[in-house]
Structures are given as structure tokens and as C-alpha cells.
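Please model the entire structure based on the sequences and the hints provided.
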Amino acid sequence: MIRPSSLPAFGTIQEKPVKTPLICALALGAAAIAGGSSAQDSAALQTVSEVTARCSALTGGATLDLGELADIDGFTKTVFDGPDSSTAVPGYWCNAPAEVTLAATPLLNQDVSTVADPGFTTRIDYLASLAWRDFSAVNDTADGNPTIQETAEANIGDIVVTVSDPRASGRLVAGPYEGAVTITIRLP
Amino acid sequence: MNRTIPFIVVAAFALTPLAAQAQVTVNLTGTVNEQCALGIPDLVVLNLMDLTGPDGRLTAELLSATPKVQTDIPNAWCNMPSTLKIEAAPLSQAVAPGYNTPAGFSRLLTFDAVLEGWPAEIRHRPLLGSAASTTSANTPHAHDLTLSIASLQTLNADGASEAAGLVVEAGAYSTEIVISVGAQ
Chain A
1 MIRPSSLPAF GTIQEKPVKT PLICALALGA AAIAGGSSAQ DSAALQTVSE
51 VTARCSALTG GATLDLGELA DIDGFTKTVF DGPDSSTAVP GYWCNAPAEV
101 TLAATPLLNQ DVSTVADPGF TTRIDYLASL AWRDFSAVND TADGNPTIQE
151 TAEANIGDIV VTVSDPRASG RLVAGPYEGA VTITIRLP
Chain B
1001 MNRTIPFIVV AAFALTPLAA QAQVTVNLTG TVNEQCALGI PDLVVLNLMD
1051 LTGPDGRLTA ELLSATPKVQ TDIPNAWCNM PSTLKIEAAP LSQAVAPGYN
1101 TPAGFSRLLT FDAVLEGWPA EIRHRPLLGS AASTTSANTP HAHDLTLSIA
1151 SLQTLNADGA SEAAGLVVEA GAYSTEIVIS VGAQ
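Chains A and B are the protein sequences, given in the same order.
Per my numbering, residue 1 is the first one in the first sequence, and the count goes up by one each step.
Per my numbering, residue 1001 is the first one in the second sequence, and the count goes up by one each step.
Hint data in this document are derived by calculation from the structure and do not stem from the laboratory.
Don't be surprised by glycine CBs; every beta carbon is placed ideally from N, CA and C.
Check the hints yourself; a few may be wrong.
Straight-line C-alpha distance at most 25 Å; calculated DMTMM-like pairs for lysine to aspartate or glutamate [what the hints assert, rightly or not]:
{"#": "1", "chain 1": "B", "residue 1": "K1085", "chain 2": "B", "residue 2": "E1034"}
{"#": "2", "chain 1": "B", "residue 1": "K1085", "chain 2": "A", "residue 2": "D117"}
{"#": "3", "chain 1": "A", "residue 1": "K77", "chain 2": "B", "residue 2": "E1034"}
{"#": "4", "chain 1": "A", "residue 1": "K77", "chain 2": "A", "residue 2": "D140"}
{"#": "5", "chain 1": "A", "residue 1": "K77", "chain 2": "A", "residue 2": "E153"}
{"#": "6", "chain 1": "A", "residue 1": "K77", "chain 2": "B", "residue 2": "E1121"}
{"#": "7", "chain 1": "B", "residue 1": "K1068", "chain 2": "B", "residue 2": "E1121"}
{"#": "8", "chain 1": "B", "residue 1": "K1068", "chain 2": "B", "residue 2": "D1042"}
{"#": "9", "chain 1": "B", "residue 1": "K1085", "chain 2": "B", "residue 2": "E1116"}
{"#": "10", "chain 1": "B", "residue 1": "K1068", "chain 2": "B", "residue 2": "E1169"}
{"#": "11", "chain 1": "B", "residue 1": "K1085", "chain 2": "A", "residue 2": "D73"}
{"#": "12", "chain 1": "B", "residue 1": "K1068", "chain 2": "B", "residue 2": "D1050"}
Some, not all, of what chain B presents toward chain A, calculated at C-beta under 10 Å [what the hints assert, rightly or not]:
{"#": "13", "residue": "Q1023"}
{"#": "14", "residue": "T1025"}
{"#": "15", "residue": "V1026"}
{"#": "16", "residue": "T1071"}
{"#": "17", "residue": "A1131"}
{"#": "18", "residue": "T1135"}
{"#": "19", "residue": "A1142"}
{"#": "20", "residue": "Y1173"}
{"#": "21", "residue": "G1182"}
Right, dumping it as C-alpha cells:
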């Protein structure tokens, strides 16, 4: 136990105000100060503390390989071939309500940026969904804007990202396609 | 004697300062394989009917540039730069006689096979042993194709050159026209 030097030594009684400019970490519990003639004594302590609002580290990420994107007629498949969900961050927590931003970018052909024939396209839009225990959000890449929502309370659980509902305005130009789903969490 | 000594303890948990925001990204990858396709032609057998008139020579209708027969090939497309190809041999007798082509006669016929629908049309006029004719699209392309047969003409005995005005030997004549599309 840390005992400031301004206090009288144990076993003595002094009738004077105790001036104690004290800020330190103390173990909780009753601190029995030995009194003079009484068989026992007690001291009441009041503790006041503060816990900073925070979230756990948001690190890592993943890559989802969605496989072949076109059907036999050259149009986008209505369901992704490859795995369409990923546990982006397991066991994530915030100890206070937080603002969650979900921003998805369309799948774009990495080799061809424009195509003259209006019957072809180099872009695939889709829905990106986020689930974090009982909190959820959805972002459509066709909207062009991120989805921003606040959680109602502190939360803890796996953050799971799911992509679905691929759409395109024409046959798909051959080549590799890439997109991304970004999750940003901040405390307001 | 009970004494109450109030202690007010302020405990500040020393934590690493929280960053303004944190971010994680899930990357998505996928691929679209190179593909080409041709639909089923409206007609798979192009019947030119009787090739000759009373003089035993090709009729004026078949000699003209007006298509005698044509067929559509729907839904032709390639999702990358492509080459469209047509190959055919001259019309010839299904069963050739057991003698050489007599002078003044022909048993080999050429024609214009015109394929439209790609950025540029193909005009293939076959001789014996001639190569296929091609045209290219430098970007992904989709369009119905139309194949037309016109401008028939008699060939000399070795099938290497045209010889107009020859009498066509009797018999059933046929040839196969192959249309294909693929990567450049």
C-alpha cells in the first residue's frame, strides 16, 4: 500500500485536519487505520474513475476471390461463384456507440477502361453488407456514396462483410476485375 | 470511536490515446474469361436450286451480284478483340465422274460468300486450295451476322482460276461454308 508521508504514522492520533493532495492508484478495499483506544476503526473511501471511450484495433482485412463473373452468354452472373462473405475482423468491440462508415467500390476491369460497343461494359455493381452482432449496414456501389450509420450502444462481435446482387449494363469485357469494401469506425 | 476520513481517489486509467478513426478493407477480385459465341443460323442448308438454264450455263440470276440465298446468324459476340473467319471450297459434284473434265465444261463453281455484321464485311470467293478470309474487331463486339451467296462463276478444270461461259456438268453440287470467330 502506498502511504503518503503527510499522514501520521500508524498507531498515533492527531486531531487535525488531514490535508492530503493525493492522486494515485490505490487498491480498492477498506483501509483500516489503526485508532487509539477503540477496538476497531473504519474509514470510508469514495472512488471516482473514468473509462475512455475506445474501440479495439481495426487491423487486417481480406481478399475475396469471386471467381468467374460472366455467364455463358457473356452477361454478369446473378450470384457470385466464389465465396461472397468474409469475417473482416473477429471479435471487434467498441465500448461506446460508434459511427460506422461502409464504402464499396464497383468491380472494374483492370485491363480495359472504356469500350466503344454500347453492348459491353467494364463495370459490375453490387451490394456490400456489413453485420456486427446486432448492427447491420448496406452499401450499393451504384449509389456512389458511402453508408454512414451509428450503433445504438457499445458492441462486440465479429464484423462480417458480404457481397451480393451483381449487376452490369451489358456483356462484360474480358479481363481481371477488382473492387473493395472499406469499413471505417470512429467514435463521435 | 468511529471516525470517517473521506478519501476521494481519482483513478485515471492510463491508456494509449485513441486514434481518430480506424479502417479495414476487404479486397474483391474476379475474372471474366475471353469468350466468343455464334448463334444458330436461321438456315443451315442454303439451296441454290437448279444452277443452269436451257443453255447448260449458269443462269443470269446466279451470275448477278444480287444474293440468291442468305441466312442470319444471331447473337455473334466476343468480349475481347477478335477475328471473324470464313472458309469454303468451290461448289463441286458430290460424286465426280470417272473422267477428267471435258473441254468446254466445268464441274467447279466459285461464288461470293459475303459475311456482314462485324465492323468490316468479309467477301470470300473460293478457289481450290485458297485460304480463309478474315476480318477483325479491335474491341469487344456483338452483332447478328448475315451470310449471302451471289455472283457464281465457273472455274477451269484445276479450280485455280475463273473461266466464264463454261457448260456446267450434270450432277448434285455442294460445299461447306465454315464461319468461326475467336481471339485475335
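Hints and how they fare:
1. K1085(B) - E1034(B): Roughly 17 Å between the alpha carbons, so the hint for K1085(B) and E1034(B) holds.
2. K1085(B) - D117(A): Holds, at about 20 Å.
3. K77(A) - E1034(B): Roughly 15 Å separates the two Cα atoms, so the pair holds.
4. K77(A) - D140(A): holds, 17 Å
5. K77(A) - E153(A): violated, 38 Å
6. K77(A) - E1121(B): violated, 32 Å
7. K1068(B) - E1121(B): With Cα atoms ~18 Å apart, K1068(B) and E1121(B) stay inside 25 Å; holds.
8. K1068(B) - D1042(B): Holds, at roughly 16 Å.
9. K1085(B) - E1116(B): Satisfied, since the Cα-Cα distance of roughly 11 Å is no more than 25 Å.
10. K1068(B) - E1169(B): Holds, at roughly 20 Å.
11. K1085(B) - D73(A): Since the Cα atoms of K1085(B) and D73(A) sit roughly 21 Å apart, the hinted pair holds (cutoff 25 Å).
12. K1068(B) - D1050(B): Holds: K1068(B) and D1050(B) sit about 12 Å apart, inside 25 Å.
13. Q1023: Status holds, d = 5 Å.
14. T1025: holds, 5 Å
15. V1026: holds, 5 Å
16. T1071: Not OK, violated: T1071(B) not within 10 Å of chain A, min 21 Å.
17. A1131: violated, 27 Å
18. T1135: Violated - the Cβ of T1135(B) stays beyond 10 Å from chain A, reaching only about 15 Å at its closest.
19. A1142: Where the cut-off is 10 Å and the nearest Cβ of chain A is about 5 Å from A1142(B), the hint holds.
20. Y1173: violated, 37 Å
21. G1182: violated, 12 Å
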